[in-house]
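*Asks:* At position 46 of the sequence shown the residue is numbered 61 (my numbering), and the sequence of numbers has no breaks.
These aren't lab readings, by the way, just hints derived from the structure by calculation. The beta carbon of each residue, even a glycine, is placed where N, CA and C say it ideally should be. A portion of the hints provided could be inaccurate.
As the list claims (entries may be wrong) - Quick list of the computed label-pair ranges, beta carbon to beta carbon:
| # | residue 1 | residue 2 | range |
| --- | --- | --- | --- |
| 1 | F55 | S30 | 16 to 26 Å |
| 2 | W133 | A177 | 19 to 29 Å |
| 3 | A100 | W133 | 16 to 26 Å |
| 4 | G65 | S168 | 18 to 28 Å |
| 5 | L143 | A184 | 18 to 28 Å |
| 6 | S122 | S188 | 20 to 30 Å |
| 7 | L143 | D121 | 16 to 26 Å |
| 8 | D34 | S135 | 30 to 40 Å |
| 9 | G37 | A184 | 36 to 46 Å |
| 10 | G37 | L143 | 10 to 20 Å |
| 11 | R195 | R69 | 30 to 40 Å |
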Amino acid sequence: MDETAGIAAVARMLSRLADAPGGSVAELATELGIGRSTAFAVVAELDAAGLVERDAGGVLMPGIAGGRLGLARFGFGGIATGVEALLPILRDDTDASAFLVLRDDDSELIVATRRAPWDSGGESPPRLVETTIGRSGLGFTCALRLGLRPNASEGEVRSATACLERVAACLSSELMKMRRG
Numbered sequence: 016m017d018e019t020a021g022i023a024a025v026a027r028m029l030s031r032l033a034d035a036p037g038g039s040v041a042e043l044a045t046e047l048g049i050g051r052s053t054a055f056a057v058v059a060e061l062d063a064a065g066l067v068e069r070d071a072g073g074v075l076m077p078g079i080a081g082g083r084l085g086l087a088r089f090g091f092g093g094i095a096t097g098v099e100a101l102l103p104i105l106r107d108d109t110d111a112s113a114f115l116v117l118r119d120d121d122s123e124l125i126v127a128t129r130r131a132p133w134d135s136g137g138e139s140p141p142r143l144v145e146t147t148i149g150r151s152g153l154g155f156t157c158a159l160r161l162g163l164r165p166n167a168s169e170g171e172v173r174s175a176t177a178c179l180e181r182v183a184a185c186l187s188s189e190l191m192k193m194r195r196g
């Protein structure tokens, strides 16, 4: 792979995934005008570096290192390790898709997602519950959101909400330690 073409492909791939996670390597190659072999080589390197990862269906999303960079950019770098550990647990314990959301007055950005096995990632799940983790010194709010099954019972919603609030409290505590430290 030509080094300049590879660097340009890395930049375009990361930019696209930061703006809109999702899609297979082949789909992104076509969308970004990158040769398939170059795209697969780039994704392999980005995956090895932790900047991207593929879910079980081959859909690309920001990886652990990518998530850390994204959180640091908005003043939440100190909770990256907790998010990495707790988001999959939150998903598994609630059977819901778990999202980490950052927002300011004008926009919202989902920086980490762990989809439940039943959630194909098409439309947003209609039953959403959310709780705030905290605000950064840069003016951004960080929140956890769960996307529950459309047919979730009220008991399941209450249980998932309680779990969501416990995880948010842990992350909020980490955020407070970060500010004091």
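*Asks:* It remains to establish, for every hint, whether it holds in the given structure.
*Replies:* Each hint, compared with the structure:
1. F55 / S30: 16 to 26 Å: For F55 and S30 the Cβ distance comes to about 18 Å; the hint holds.
2. W133 / A177: 19 to 29 Å: 21 Å, holds
3. A100 / W133: 16 to 26 Å: About 23 Å separates the Cβ atoms of A100 and W133, which means 16 to 26 Å holds.
4. G65 / S168: 18 to 28 Å: Check failed, 38 Å falls outside 18 to 28 Å.
5. L143 / A184: 18 to 28 Å: Given a distance of about 19 Å, which is inside 18 to 28 Å, the answer is holds.
6. S122 / S188: 20 to 30 Å: 27 Å, holds
7. L143 / D121: 16 to 26 Å: With Cβ atoms ~21 Å apart, the hint holds.
8. D34 / S135: 30 to 40 Å: Because 21 Å falls outside the window, the suggested range is violated.
9. G37 / A184: 36 to 46 Å: 30 Å, violated
10. G37 / L143: 10 to 20 Å: 19 Å, holds
11. R195 / R69: 30 to 40 Å: With Cβ atoms ~37 Å apart, the hint holds.
Hints 4, 8 and 9 from the earlier list are contradicted by this structure; the remaining hints agree with it.
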